[in-house]
Amino acid sequence: MDHSQKRILMAKTGLDGHWRGPTIVARALRDAGFEVIMIGMANTDDIVRAAVDEDVDLVGLNIGGHINVALRAVNSVREARPDVPIFAGGTVPPHAKKQLEALDVEVFPPGSQLVDIVAAADRLTGRSAD
Amino acid sequence: MNTKDSPGVIRSSSGIELKNYYTAEDIPESHRHRVHSAPGDAPYHRGWHPTGYRSKPWRIFQLSGFGKPEDENERIKFLLKNGETGFIMEHDRNTADHCYNVDHPEVVARREDVGLTGAVMQSVRDIAICLDGLPVDTSFGHAGGAVVQHAPFALAGYWTVAKKRGYDLSKIAGTGQSDFNLTYLGCVTKQQIPTDAGLRFNTDIIEFCGEHLPRWVPVSIAGYNAADTGLSPDQELGTLFANAVEYLDEIKRRGNVPLEQAAKGCAGVSFRASIHIFEEAAKLRAARLMWSDLLRSRYNITDPKTANLRIHCVTAGSKMTYQQPLNNIVRGTLMALTAAMGGVQSLGVSGYDEALSIPSEHAHQMSLRIQQVIQEETNFCAVTDPLGGSYYVETLTAQLAEKAWEFFEEIQQQGGYLASLDSGWLHAKAAENQHSEFMALESGEQHIVGVTCAREDESPFEVDGFMGTDDAFDVATERLQETLRTRHEAGACAAMKNLEAVCRSETNIMPVMLDALEAEVTLGEIGDIYRDVFGDWNTPIQT
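Just so you know, the sequences run in chain order A and B.
Take the first sequence: its position 103, counted from the start at 1, is 128 in this note's numbering, and no numbers get skipped.
Take the second sequence: its position 216, counted from the start at 1, is 234 in this note's numbering, and no numbers get skipped.
One chain only, chain A, in its complex shape:
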């Protein structure tokens, strides 16, 4: 198991400012020992720049709008940091969830448990073996 502190970038892809989802997730991740870098509402370029500059181990996207906006961010991060896994949460309806999962993005829709999100972060950053 890798005990160095893992870094997670969290960003909101849309321009809707409701914040309870991402902040509660960020708190759970911090409580679990991750370093969380929150950049709030960010467009694709902002997200890619932060993923590179901050040398993160995982990218978390809060999605509240159209799936194409999120897919653009996912594809651009993948291009710049092919080594970095991505997970996502927010108001992601079933059709959008399937599209993200097809790109290997783990999705946590409303109703997800924090413990499952933290477990995914552990696994995706290699903090745990399972």
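Hints listed in this document are in silico derivations from the structure and should not be mistaken for laboratory results.
For clarity, every value in this text was computed on a predicted model and none was experimentally measured.
Worth double-checking, as some hints may not be accurate.
Claimed, not checked - Okay, the calculated bits of chain B under chain A, using three or more residues with CB under 8 Å as the criterion:
(1) 205-214
(2) 338-346
(3) 376-382
(4) 441-452
(5) 550-561
Unchecked claim - DMTMM-like cross-link-like pairs, simulated, lysine to aspartate or glutamate; straight-line CA separation at most 25 Å:
(6) A/Lys-122 to B/Glu-480
(7) A/Lys-123 to B/Glu-474
(8) A/Lys-123 to B/Glu-420
(9) B/Lys-37 to B/Glu-420
(10) A/Lys-122 to B/Asp-489
(11) A/Lys-123 to B/Asp-482
(12) A/Lys-122 to B/Glu-476
(13) A/Lys-123 to B/Asp-489
(14) A/Lys-123 to B/Glu-476
(15) A/Lys-122 to B/Glu-460
(16) B/Lys-208 to A/Asp-70
(17) B/Lys-208 to A/Glu-60
(18) B/Lys-208 to A/Asp-78
(19) A/Lys-122 to B/Glu-130
(20) A/Lys-122 to B/Asp-482
Using N, Cα and C, we set each Cβ at its ideal position, and we do this for glycine too.
Could you slot chain B onto chain A? The hints should help.
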């Protein structure tokens, strides 16, 4: 939230310890005499009017809008045809909340999001399309403008269309919202005018409406937005009244209009109706009690028309689940009934697809049907304040009011409501509650059906998110260019110059905003003036 309770202790969402049953002795001494008052009597906790819903059932009032202005128009007509008794115009959040036109780089970067949360309305032309054929003169219309910096534009746009159709502004009824709890607490946008500029806008609107639109609800303080961000029912109440005194104290300081007229303008509020049904109904009763107490004790206002709080409720969106979404029809029904038991004047029920998207046509229709079934079939409207005299509910009403005043005082100790937003104190309170709520779910102390228990779903129904139309961005882009190309440019420039000068002065913003809309000044141009004059709010939280 209390995590150190001994086993068997059950608390309300506000942390009030609940008894197994209640008797007359449980009703606090200070409240006992009030139990015997009648609906329509001060302090009004029993309701606004002696005959209640017999004389006027609550208004069925649903959030609505997406896509192009004509898509939104079509949906509103659908709702009206199906029995809605007022209508709400939603504006696209991407553009409206930030006062951006669609060609702003931050909007272009998210072009597919445009229109997903309301129609794009960048000029009075768009607003006219959205309102085409709608009963602006006879119905109660919500012009949009939920976010503070957007409200003057949205209101002036609606009023300009009404004037063009020949209606007398002094006779039209409706509201905007211009809500601080949304703007500075629940939905922290990328860019927003600072709270002191927001206070100036809202007091301008209140004063302007008092003079020119007496039937209009100028601002509607939304406890909803505090509650759905995490504040508990007592905190929702305390925050709402802390907000109200911030407006009224400022209007008193300005001294431009009679305080009683301004207080009437603040007396139309909105609350969240959540799922703890008796506490939520008690909250609405406590709200009326608190408003009349506040006006009497702080401002010496007792006129029933002003001291009688008028309440719009929206059922709690955050209680609607993504999993097994049809269960939300049951939740919507319970929360709607709660609002009705609390005596609201107006109600919107969240769609059963709330956790997936904006409402589909069918989900929207179901939100109407829930209310219609209660109004038409259950005989609910026959009796006013059906919970009045209940040992339990009267006790909770008094306890909630008491706890809410304590929270109100805590906010005053922070320097007042605006200061508690600027410092992030209220956000921290909300975040703390959000965390506790999650912990209670993860520990199994609380349950959500279909989410933390009863998870097997054998329903053959599949619900997916409603995604509106796919041409909102392109059409808005074309229309913006057309407006800029075909408007009278000198007139628009003059109106912008006047608007900027007024923004820099202490003159009421609304008259020049009406001129600006008339001259077809666009939303983004107005936003640019705001950004230049007022700068940006220093956001106290990182989202």
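Results of checking the hints against the structure:
no.	hint	result
1	205-214	holds (count 4)
2	338-346	holds (count 3)
3	376-382	violated (count 0)
4	441-452	holds (count 3)
5	550-561	holds (count 3)
6	A/Lys-122 to B/Glu-480	holds, 14 Å
7	A/Lys-123 to B/Glu-474	holds, 20 Å
8	A/Lys-123 to B/Glu-420	violated, 49 Å
9	B/Lys-37 to B/Glu-420	holds, 18 Å
10	A/Lys-122 to B/Asp-489	holds, 23 Å
11	A/Lys-123 to B/Asp-482	holds, 12 Å
12	A/Lys-122 to B/Glu-476	holds, 20 Å
13	A/Lys-123 to B/Asp-489	holds, 23 Å
14	A/Lys-123 to B/Glu-476	holds, 20 Å
15	A/Lys-122 to B/Glu-460	holds, 24 Å
16	B/Lys-208 to A/Asp-70	holds, 16 Å
17	B/Lys-208 to A/Glu-60	holds, 23 Å
18	B/Lys-208 to A/Asp-78	holds, 22 Å
19	A/Lys-122 to B/Glu-130	holds, 17 Å
20	A/Lys-122 to B/Asp-482	holds, 10 Å
The earlier numbered hints that this structure contradicts are 3 and 8.
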